[in-house]
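Letter 178 of the sequence shown, counting from 1, is numbered 178 in the working numbering, and no numbers are missing.
Please keep in mind that the hints were generated in silico from the structure rather than gathered at the bench. Computed from a predicted structure; not experimentally measured. Mixed in with the good hints, there may be bad ones.
Derived lysine-lysine pairs resembling BS3-like cross-links, with alpha carbons at most 27 Å apart [as the list claims (entries may be wrong)]:
hint: 1; residue 1: Lys169; residue 2: Lys146
hint: 2; residue 1: Lys146; residue 2: Lys210
hint: 3; residue 1: Lys142; residue 2: Lys105
hint: 4; residue 1: Lys180; residue 2: Lys118
hint: 5; residue 1: Lys74; residue 2: Lys154
hint: 6; residue 1: Lys98; residue 2: Lys148
hint: 7; residue 1: Lys92; residue 2: Lys118
hint: 8; residue 1: Lys92; residue 2: Lys146
hint: 9; residue 1: Lys98; residue 2: Lys146
hint: 10; residue 1: Lys105; residue 2: Lys148
hint: 11; residue 1: Lys131; residue 2: Lys142
hint: 12; residue 1: Lys180; residue 2: Lys169
hint: 13; residue 1: Lys118; residue 2: Lys146
hint: 14; residue 1: Lys131; residue 2: Lys180
hint: 15; residue 1: Lys131; residue 2: Lys98
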Amino acid sequence: MKFICLGLILLSMIACSKPTKKNVTTLETKKDSISYSIGMEIGENFQTQSVEVNPDVFAQGFDDAYTESTPLLKDSEVRIVTQNYRQELRSKQNELRKQQLEENKVGGENFLAENSTKEGVIVLPSGLQYKVLNNGDGSTPKATDKVKVHYTGKLIDGTVFDSSVESGKPYDTGVTQVIKGWTEALQLMQVGDKWELYIPSNLAYGARGKGPKIGPNTTLIFEVELLGIE
(Lines of atoms letter the chains of each structure in order from A and count residues from 1; the text may use other names and numbers.)
(Lines give C-alpha, C1' and ligand atoms only; values in the text may rest on other atoms or scores of the structure.)
Protein backbone atom coordinates (compact mmCIF):
# COMPACT_ATOMS: atom_id res chain seq x y z
CA MET A 1 0.00 0.00 0.00
CA LYS A 2 1.80 3.09 -1.25
CA PHE A 3 2.55 5.65 1.42
CA ILE A 4 0.02 4.14 3.83
CA CYS A 5 2.56 4.05 6.65
CA LEU A 6 3.62 7.62 5.95
CA GLY A 7 -0.02 8.63 5.81
CA LEU A 8 -0.77 7.04 9.17
CA ILE A 9 2.23 8.81 10.67
CA LEU A 10 0.78 12.07 9.41
CA LEU A 11 -2.60 11.00 10.72
CA SER A 12 -1.04 10.63 14.17
CA MET A 13 -0.46 14.40 14.15
CA ILE A 14 -4.20 15.18 13.99
CA ALA A 15 -5.26 18.34 15.77
CA CYS A 16 -8.66 19.82 16.61
CA SER A 17 -8.72 23.17 14.81
CA LYS A 18 -9.01 24.21 11.17
CA PRO A 19 -6.18 26.10 9.49
CA THR A 20 -6.83 28.46 6.62
CA LYS A 21 -6.72 26.43 3.44
CA LYS A 22 -4.38 27.66 0.74
CA ASN A 23 -5.27 26.60 -2.79
CA VAL A 24 -2.17 25.86 -4.86
CA THR A 25 -2.71 26.21 -8.61
CA THR A 26 0.87 25.90 -9.91
CA LEU A 27 3.90 23.81 -8.98
CA GLU A 28 6.91 26.06 -9.40
CA THR A 29 9.77 23.99 -7.96
CA LYS A 30 10.91 20.39 -7.68
CA LYS A 31 10.07 20.55 -3.99
CA ASP A 32 6.52 21.62 -4.91
CA SER A 33 6.13 18.68 -7.27
CA ILE A 34 7.46 16.19 -4.71
CA SER A 35 5.22 17.61 -2.00
CA TYR A 36 2.14 17.50 -4.20
CA SER A 37 2.90 14.00 -5.49
CA ILE A 38 3.27 12.60 -1.96
CA GLY A 39 0.02 14.29 -1.00
CA MET A 40 -1.73 12.76 -4.01
CA GLU A 41 -0.36 9.30 -3.19
CA ILE A 42 -1.59 9.55 0.39
CA GLY A 43 -4.98 10.94 -0.61
CA GLU A 44 -5.57 8.25 -3.25
CA ASN A 45 -4.46 5.51 -0.87
CA PHE A 46 -6.67 6.77 1.94
CA GLN A 47 -9.62 6.91 -0.47
CA THR A 48 -8.95 3.36 -1.68
CA GLN A 49 -8.51 2.01 1.84
CA SER A 50 -11.57 3.90 3.15
CA VAL A 51 -9.47 5.86 5.64
CA GLU A 52 -11.69 8.71 6.84
CA VAL A 53 -9.99 11.95 7.86
CA ASN A 54 -10.81 15.63 8.06
CA PRO A 55 -8.36 17.04 5.46
CA ASP A 56 -8.10 20.43 7.18
CA VAL A 57 -7.40 18.94 10.60
CA PHE A 58 -5.00 16.46 8.98
CA ALA A 59 -3.11 19.39 7.44
CA GLN A 60 -3.06 21.19 10.80
CA GLY A 61 -1.56 18.14 12.51
CA PHE A 62 1.12 17.89 9.85
CA ASP A 63 1.87 21.60 10.04
CA ASP A 64 2.15 21.55 13.84
CA ALA A 65 4.65 18.69 13.71
CA TYR A 66 6.62 20.04 10.75
CA THR A 67 6.98 23.52 12.26
CA GLU A 68 7.45 22.15 15.80
CA SER A 69 4.43 24.07 17.05
CA THR A 70 2.70 23.15 20.30
CA PRO A 71 0.60 20.05 19.50
CA LEU A 72 -3.00 19.60 20.58
CA LEU A 73 -2.36 15.99 21.60
CA LYS A 74 0.36 14.58 23.83
CA ASP A 75 2.66 11.90 22.43
CA SER A 76 0.97 9.29 24.62
CA GLU A 77 -2.45 10.34 23.30
CA VAL A 78 -1.20 10.21 19.71
CA ARG A 79 0.02 6.64 20.17
CA ILE A 80 -3.30 5.52 21.62
CA VAL A 81 -5.32 7.21 18.85
CA THR A 82 -3.24 5.76 16.02
CA GLN A 83 -2.91 2.27 17.52
CA ASN A 84 -6.66 2.05 18.01
CA TYR A 85 -7.32 3.36 14.52
CA ARG A 86 -4.91 0.90 12.92
CA GLN A 87 -6.72 -1.95 14.65
CA GLU A 88 -10.08 -0.58 13.53
CA LEU A 89 -8.83 -0.16 9.96
CA ARG A 90 -7.42 -3.70 9.83
CA SER A 91 -10.70 -5.07 11.14
CA LYS A 92 -12.69 -3.20 8.47
CA GLN A 93 -10.32 -4.32 5.72
CA ASN A 94 -10.49 -7.96 6.85
CA GLU A 95 -14.28 -7.82 6.89
CA LEU A 96 -14.35 -6.24 3.43
CA ARG A 97 -11.97 -8.89 2.12
CA LYS A 98 -14.18 -11.69 3.47
CA GLN A 99 -17.15 -10.10 1.76
CA GLN A 100 -15.25 -9.76 -1.53
CA LEU A 101 -14.07 -13.37 -1.32
CA GLU A 102 -17.61 -14.68 -1.03
CA GLU A 103 -19.18 -12.29 -3.55
CA ASN A 104 -16.50 -12.97 -6.17
CA LYS A 105 -16.64 -16.72 -5.57
CA VAL A 106 -20.41 -16.89 -6.03
CA GLY A 107 -20.38 -14.46 -8.95
CA GLY A 108 -17.67 -16.44 -10.71
CA GLU A 109 -19.40 -19.76 -10.18
CA ASN A 110 -22.69 -18.41 -11.51
CA PHE A 111 -20.97 -16.90 -14.54
CA LEU A 112 -19.15 -20.12 -15.40
CA ALA A 113 -22.27 -22.23 -14.94
CA GLU A 114 -24.23 -20.07 -17.36
CA ASN A 115 -21.31 -19.67 -19.75
CA SER A 116 -20.81 -23.44 -19.99
CA THR A 117 -24.19 -23.78 -21.71
CA LYS A 118 -23.38 -21.31 -24.48
CA GLU A 119 -22.74 -22.47 -28.03
CA GLY A 120 -19.10 -23.16 -28.82
CA VAL A 121 -17.88 -23.13 -25.23
CA ILE A 122 -15.77 -26.15 -24.27
CA VAL A 123 -15.42 -27.13 -20.61
CA LEU A 124 -12.28 -29.00 -19.53
CA PRO A 125 -12.04 -31.30 -16.47
CA SER A 126 -9.97 -28.68 -14.62
CA GLY A 127 -12.85 -26.21 -14.84
CA LEU A 128 -11.18 -24.12 -17.54
CA GLN A 129 -13.55 -23.08 -20.31
CA TYR A 130 -12.65 -21.81 -23.76
CA LYS A 131 -14.17 -20.82 -27.07
CA VAL A 132 -12.30 -20.93 -30.38
CA LEU A 133 -12.42 -17.57 -32.16
CA ASN A 134 -9.94 -18.38 -34.92
CA ASN A 135 -8.21 -21.61 -35.95
CA GLY A 136 -4.50 -21.70 -36.71
CA ASP A 137 -2.49 -24.53 -38.24
CA GLY A 138 0.87 -24.14 -36.55
CA SER A 139 2.69 -26.13 -33.89
CA THR A 140 1.50 -26.65 -30.32
CA PRO A 141 3.75 -25.39 -27.49
CA LYS A 142 5.27 -27.73 -24.91
CA ALA A 143 5.65 -26.90 -21.22
CA THR A 144 9.33 -26.07 -21.78
CA ASP A 145 8.67 -23.61 -24.61
CA LYS A 146 8.46 -19.85 -24.65
CA VAL A 147 5.66 -18.25 -26.61
CA LYS A 148 4.65 -14.92 -28.10
CA VAL A 149 1.02 -13.94 -27.64
CA HIS A 150 -1.41 -11.08 -27.85
CA TYR A 151 -4.02 -10.95 -25.12
CA THR A 152 -6.79 -8.90 -23.57
CA GLY A 153 -7.79 -9.58 -19.98
CA LYS A 154 -11.28 -8.78 -18.71
CA LEU A 155 -13.39 -9.21 -15.61
CA ILE A 156 -16.71 -11.01 -15.98
CA ASP A 157 -18.49 -7.64 -16.15
CA GLY A 158 -16.45 -6.81 -19.27
CA THR A 159 -13.99 -4.41 -17.61
CA VAL A 160 -10.60 -4.60 -19.36
CA PHE A 161 -7.76 -4.72 -16.82
CA ASP A 162 -4.83 -5.42 -19.14
CA SER A 163 -4.16 -5.72 -22.86
CA SER A 164 -1.07 -6.27 -24.98
CA VAL A 165 -3.25 -5.40 -27.98
CA GLU A 166 -3.90 -1.91 -26.64
CA SER A 167 -0.22 -1.41 -25.82
CA GLY A 168 0.75 -2.68 -29.27
CA LYS A 169 3.43 -4.99 -27.85
CA PRO A 170 3.07 -8.79 -27.97
CA TYR A 171 3.76 -10.60 -24.71
CA ASP A 172 6.65 -13.07 -24.46
CA THR A 173 6.50 -15.67 -21.70
CA GLY A 174 7.33 -19.22 -20.74
CA VAL A 175 4.39 -21.60 -20.95
CA THR A 176 4.69 -22.43 -17.24
CA GLN A 177 5.46 -18.88 -16.12
CA VAL A 178 1.84 -17.73 -16.22
CA ILE A 179 -1.36 -18.55 -14.34
CA LYS A 180 -2.50 -22.19 -14.44
CA GLY A 181 -5.38 -21.48 -16.79
CA TRP A 182 -3.01 -20.04 -19.35
CA THR A 183 -0.50 -22.87 -18.97
CA GLU A 184 -3.20 -25.45 -19.66
CA ALA A 185 -4.70 -23.58 -22.61
CA LEU A 186 -1.38 -22.78 -24.31
CA GLN A 187 -0.48 -26.47 -24.46
CA LEU A 188 -3.72 -27.15 -26.34
CA MET A 189 -3.47 -24.27 -28.81
CA GLN A 190 -1.74 -24.14 -32.18
CA VAL A 191 0.16 -21.15 -33.51
CA GLY A 192 -2.42 -18.94 -35.19
CA ASP A 193 -5.19 -19.94 -32.81
CA LYS A 194 -7.21 -17.24 -31.08
CA TRP A 195 -9.23 -18.41 -28.09
CA GLU A 196 -11.36 -16.80 -25.46
CA LEU A 197 -10.53 -18.33 -22.08
CA TYR A 198 -12.86 -18.34 -19.09
CA ILE A 199 -10.66 -19.00 -16.10
CA PRO A 200 -11.99 -19.86 -12.61
CA SER A 201 -10.18 -18.15 -9.77
CA ASN A 202 -8.35 -21.30 -8.64
CA LEU A 203 -6.66 -21.38 -12.07
CA ALA A 204 -5.97 -17.64 -11.97
CA TYR A 205 -4.89 -15.58 -8.94
CA GLY A 206 -6.97 -17.36 -6.30
CA ALA A 207 -7.87 -15.87 -2.95
CA ARG A 208 -4.96 -13.44 -3.07
CA GLY A 209 -6.02 -11.62 -6.22
CA LYS A 210 -3.55 -9.33 -7.93
CA GLY A 211 -3.25 -5.62 -7.26
CA PRO A 212 -6.20 -3.26 -7.14
CA LYS A 213 -7.79 -4.45 -10.40
CA ILE A 214 -8.13 -8.18 -9.70
CA GLY A 215 -9.84 -8.92 -6.41
CA PRO A 216 -9.74 -12.17 -4.42
CA ASN A 217 -11.49 -15.20 -5.93
CA THR A 218 -11.97 -13.40 -9.25
CA THR A 219 -12.95 -15.33 -12.37
CA LEU A 220 -11.17 -13.92 -15.42
CA ILE A 221 -11.74 -13.79 -19.17
CA PHE A 222 -8.77 -13.68 -21.54
CA GLU A 223 -8.77 -13.38 -25.29
CA VAL A 224 -5.47 -15.00 -26.29
CA GLU A 225 -3.89 -15.21 -29.74
CA LEU A 226 -0.88 -17.51 -30.05
CA LEU A 227 1.51 -15.70 -32.39
CA GLY A 228 4.52 -17.97 -32.22
CA ILE A 229 6.79 -20.36 -30.34
CA GLU A 230 10.30 -19.19 -29.52
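Exercise. Taking each numbered hint in turn, which are not upheld by the structure, reported in ascending numerical order?
Worked result: 3, 5, 6, 7, 8, 9, 10, 13, 15
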